[in-house]
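**Student:** First to last, the protein sequences are chains A and B.
First residue of the first sequence: 1, per our numbering; consecutive thereafter.
First residue of the second sequence: 1001, per our numbering; consecutive thereafter.
Treat the hints as calculated values from the structure; they're not laboratory data.
Bear in mind the structure is a predicted one, so any value in this text is a computation, not a measurement.
Check before you lean on any hint, since a few could be wrong.
[What the hints assert, rightly or not] With a straight-line cut-off of 30 Å between C-alpha atoms, the simulated DSSO-like cross-links for lysine-lysine are:
hint, chain 1, residue 1, chain 2, residue 2
1, B, Lys-1103, A, Lys-506
2, A, Lys-501, A, Lys-336
3, A, Lys-30, B, Lys-1140
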Amino acid sequence: MATTTPRRTSRGKLDLDPATVRHARSLARKVGRPIVRIAQQHTTVSVERATLRLAGLEGADAEGTPWVNRLVDVVRADVGLEHGVALPVWDALRRAEGADLRELAEKASAGSVTFRLPEGQDEKRARSAAGKAVGAGIKRIDARRTERERLVKRIGDAPAKPWIYLIVATGDIYEDIPQAQAAAREGADVIAVIRSTGQSLLDFVPEGATREGFAGTYATQENFRLMRAALDETSRELGRYVRLTNYASGLCMPEIAALAGLERLDMMLNDSMYGILFRDINPIRTFVDQRFSRQVHARAGIIINTGEDNYLTTADAVEAAHTVTTSQLLNEYFAKEAGLEDWQLGLGHAFEIDPDVPDSFRLELAHAMLARDLFPAAPLKWMPPTRHMTGDVFRGYLLDGFFNLVGALTGQGILLVGMMTEAVVTPWLSDRDLALQNVRYVMNAAGNLHEDFRPQPGGFIASRARQVLAETIELLDTIADEPGSAPLLEAIADGTFGLMKRPADKGKGLEGVAKKARDYWNPASEMLEAGR
Amino acid sequence: MSKQTVVSTSSPDGQGPIRPYGDTTGDGMVQLSFTLPMKHSKVAEGAAAQLANKMGMDPALVVHAKQMGEDYTFFVVYGRVNHLVDPSVVEIVERDYPLLTPKEANAAIKRGLRRRLTVVGACIGSDAHTVGIDAILNVKGFAGEKGLEYYRELKVVNLGAQVSVPELVEQAREEKADAVLVSQVVTQRDAHLLNTREMSAAFRESYPPDKRPLLIVGGPRFDETMAVELGVDRVFSRGTTPGEVASFLVHRLAPAPEPQSTRKAS
Chain A
1 MATTTPRRTS RGKLDLDPAT VRHARSLARK VGRPIVRIAQ QHTTVSVERA
51 TLRLAGLEGA DAEGTPWVNR LVDVVRADVG LEHGVALPVW DALRRAEGAD
101 LRELAEKASA GSVTFRLPEG QDEKRARSAA GKAVGAGIKR IDARRTERER
151 LVKRIGDAPA KPWIYLIVAT GDIYEDIPQA QAAAREGADV IAVIRSTGQS
201 LLDFVPEGAT REGFAGTYAT QENFRLMRAA LDETSRELGR YVRLTNYASG
251 LCMPEIAALA GLERLDMMLN DSMYGILFRD INPIRTFVDQ RFSRQVHARA
301 GIIINTGEDN YLTTADAVEA AHTVTTSQLL NEYFAKEAGL EDWQLGLGHA
351 FEIDPDVPDS FRLELAHAML ARDLFPAAPL KWMPPTRHMT GDVFRGYLLD
401 GFFNLVGALT GQGILLVGMM TEAVVTPWLS DRDLALQNVR YVMNAAGNLH
451 EDFRPQPGGF IASRARQVLA ETIELLDTIA DEPGSAPLLE AIADGTFGLM
501 KRPADKGKGL EGVAKKARDY WNPASEMLEA GR
Chain B
1001 MSKQTVVSTS SPDGQGPIRP YGDTTGDGMV QLSFTLPMKH SKVAEGAAAQ
1051 LANKMGMDPA LVVHAKQMGE DYTFFVVYGR VNHLVDPSVV EIVERDYPLL
1101 TPKEANAAIK RGLRRRLTVV GACIGSDAHT VGIDAILNVK GFAGEKGLEY
1151 YRELKVVNLG AQVSVPELVE QAREEKADAV LVSQVVTQRD AHLLNTREMS
1201 AAFRESYPPD KRPLLIVGGP RFDETMAVEL GVDRVFSRGT TPGEVASFLV
1251 HRLAPAPEPQ STRKAS
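Chain B on its own, in the form it takes in the complex (with noise of 0.2 Å):
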């Protein structure tokens, strides 16, 4: 079902285990800023060191702090860290389709369906909190990128907030739905994993496998890497932008027959 691929990078540059770099490798420098909630003095400065310390920073070089207002203090701390990372057991999600823009996915969109691509987008559950499917789905858009309303080829039909499951089930058959968008933003007690695993649930039962429109959910708790134990064809989490939800919708349902975009998926 989903074709996602979780990858366990062996060492790019068949590289071991590395530190931070500050301007001599191995030097393990890094740099901090925080405020704590106390007025400056030389006891908040040395609080900071502390806590600094505490993260695993030693030395650490308290070289800026600055009061703010009454009962605040900002820190910025220079200092060497002693962790290694090891990039060979970093696991990703790496994104397995290239990234068009809306001209390239409108033109994918007409190549392959001849005809516009439905989307139908909620929340679902008690979840009141537009912002996540707006984002994505209004013109407005989300960092600089405009929402899928702007394509040409998709049609989008925005259900707004607190949809339940039936309603939206309903909706995707009377719409002819694609693909179906779900947002889950304020969460309690994971109530955002039970919903999807209820939604995809229905979907399943109220489609033949083949038929079945495409499953996205999205939020910011959310993990990339949970697409199959949620029964959704993919998962995106914060800081996903119209445009990648929109390569991805092209990518699985209106593929091109050779690669069309010169942009990498990097």
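Looking at chain A on its own, in the form it has when it is part of the complex (with noise of 0.2 Å):
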């Protein structure tokens, strides 16, 4: 495949104004700032949880309750959520309460534990404490960071763009392992190893090996250990290093960016408004779990994709067209405030027009060109038709042939391969293989069109992707021009996101959220801010 990224001039192919452009960004800026501001002011259960998680505390009950879920009960019950758990955890540990994390745990579940409040030099002790803890969690995530640079630079990267990104999802981690080896060695660049359905709404995260899930596999530490190591053990055979990519959406967010920090994943699924839209995660629940995380991801090095691609699953991708582009801004603007640099996001967008409109195709390459234009320096990930896959593996093998075209066309960074077989059967063994023989053909016959293509200015494709920024300003502005302090919550509790009204009351793991104190301290979160 000799594909090389598109030589772009500073305004791109489509000559967008940079004014314009600007003025898209500063409205996201307006929009996300007080959000951002909302998420600084609260901490969640799984906030916590991810702090002590960071601090080396594994393992589950023998019910399968995670230990990191009874020691954050116990300490809320006692002293509250807002102070955060540090203080109280450690200066219970300094009291002798506990050998370490895990005894205390126990003991804290038996009811043997109180926990307090610490004061003077018992805070400060319990601070140093905590912060040393907690510190050598980050300092693994540093590691695991170098260590991928290292194996990167040793074994050597992927050999072109787009990564070719591939899912795996038996429900079974040891049937996931051959599959994924095999999907490498039939040349994915990545491979995302699909959830259990469900997992996104459980409150923990589930524990050890697992070899049963629907639909997916249970994202868990130790899942995420078995198929590093297994594609470590591949990526020498072949000479490349093959990423690996799990889900940070859901209840547990912050659990596991951590988990994925410390087991060197190296690509993230991670939206800003996801879980809110389609999950019917609480708001404010999802915003604060949601920078933890990306702080997190920053700072392990990993790549985050966003979900845009949910959008038109569910609404015309014509239609709603701009709403992939404000999304977009606003998953960018939250992603560098949370210290993500442009290399780390993959910002998502889907070819789902209905192939029936008149020039779907150019629609297609207008959109995933103006996504292209704004955000020059993001990967970005490009996926596959879903919508219009109605069984017609034929039809279907063209869709996604036109799919890769644009892919080649406006140098995505990412693309998950698209099956003919989608919406039939969870992809069959020649399904994947015809799959990658479609990509090959046109990386190879069109990797490099991008350098003769220019869109006539002017023309139906630079005016539509004109039309789009245009209709995604306006969107941006009735948003700012919401009431109250953060318009952007009233925009999603009033539906302006077309799909439902998600008040910031409402919604499952509100009762995780706590505003914090004037004494909230996490040390996690302190050394996160600082790496900025």
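Take the two lone chains, each set in its own frame, and fit them into one complex as the hints suggest.
**Tutor:** The structure is reproduced here in structure tokens:
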């Protein structure tokens, strides 16, 4: 596959007006900033559990409830969540209530420890002990990042862009491993392990290697470790570093992000609003968890993939094109605020226009090119057609070819390989082989076509892209005009995003949110903020 | 109770038994693709032809063979079958209600009920797989259609997985459910049938016949013709979309005085 990143002039192929682009970004900032403030003012059970995980607390009790959940629940019952759990926990350790975190958690859940908020010298000592323990976790994440950089250098990187992204999802980690290794041998640069249905709504991270899941495999620390080790082996065999992806979404975003950093995952699905809109997770919970998880990803050198493709699976891809751009701008703002750099922003978009719409290919190209020109330094995650895959596998194969062609023409960084059996079966071996042949053919035949291709100034493609950008600005303006201190929350509450009304005081996981007290302290947050 | 129709089509076109059509009437030509777990070789191609023969293709022409990885080969086979199919003895469950868009469904509920229609959904028994019920109920939906949550005039209460039958009945009463949707995805030894019978019996016991909510079950292992036998109002099988379920709810619970939709139930 002979592709290179398209050479770009400063204004890109669409020659967008730089002032308009700046205006769009400043609106995203205006809408996003109050949300960041809210995120800074709150903590959640999952943020606190992630902090304990960074300090090394692993494992679960006999019923499968993780020790981090047990410990946070008891601390919360004793002194509340609003001060953070670090001080009460390390104060108890210093009072010799447990030899280590694990023993403390066991004793706490048996009811034999009472937590308090330490003061004076006690507080100072608890602070220093907590800082050391959590700091060790952050150091381990740093070491994992360095290790990745070293492996990529020593083994070699993916040979070309876009990186070929394939999915495995058997439900059984021990079945996933050979499938992932086979997929890598067949040409995948990135392996994603789809999670079991419903994991996003679990308020705990399951423990250990898991062998049953539905339509996916549970994200657990042990599953992460097993898969990464297997792919390291395959990477050495193939002479290119194969990246591993999972999902930092749902109610346990911060914890999953921490585990991903600790186990050297390379990319994580992480969208700022997906959980709110599609899983009815409380907006505040989502934004707080989101910010912490993105700070961890930034530190870990993980590339995030955002979920804009989802908008198009439920709304019309032409009518809703500007909601994708709007979400990309918001995702970019929230990501950068959390410390992520451009190369870490796998902003999502998808090929989902009804193929019966006249000029559907030109529209797809316009939308993809707009994303490319707006975010020239971001890798971009290009998602294949799903909505108009009807079961006619022959037509679907052609559609996937056109999807690949748009990918080649717009320099996408990450290409999720489309399967002609989408909506029919989970991909068979032969489906994957045919899909990869499709990608290879297009990249080999037209991978450098972007060198020759520039849309006619003022033509159909350029005009359409400008129109979508104008509609984006209009939508951002509407959001910014909402009343209250956080217009975006109001907009989400009254259904601006076209799907559901999601008020800030409703949704799953709300009970796990607490407004920070003045003396709130979390060593992980402190280090992550300082590291930016 | 159930008004669904099991139809024996009597040759819609007055046609007798037929064969597949390639380019000449009666030529019986079909195409087939599959993978065998062996390296590509002449023997492998022979094995592919043998499979096609056993499936009734004679002659069978292996037109394409490609090795995938070390141990697998993909085949495309064209060939003739001698089987006849007789459309007059095919049994199907016809959809006996019009397919509505979300907008039409909302309007019909508003007109017919003058209140929101309450749907309680759950996976019962030991089945922990909410994928089916979620595909129908969650906004995210299925096959490009939004789930019932998206319908303004539907109040959806999704109880999730591993709900016991008494719990389901209690919740249905509490919510004053107009309809109860039960999904069964992964089942062993026909547990889905047992569970469904238990569920329908429990609802019959605790409700007077005219007050009982509409009972709907769905899942990939159900046979759509079994509604009466299972004591439910409708069985939905693999591939059912939210729109079909919503349309059925409207059809049974908020029927239009006259046909409102111009879309054919094709």
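**Student:** Is the hinted pair Lys-30 (chain A) and Lys-1140 (chain B) satisfied, with a Cα-Cα distance of at most 30 Å?
**Tutor:** holds, 29 Å
**Student:** Need the status of pair Lys-501 (chain A), Lys-336 (chain A): alpha-carbon distance at most 30 Å?
**Tutor:** Satisfied, since the Cα-Cα distance of roughly 27 Å is no more than 30 Å.
**Student:** For the pair we were handed, Lys-1103 (chain B) and Lys-506 (chain A), check the Cα-Cα distance against 30 Å.
**Tutor:** At roughly 26 Å apart (the allowed maximum being 30 Å), Lys-506 (chain A) and Lys-1103 (chain B) satisfy the hint.
No hint from the list above goes unmet by this structure.
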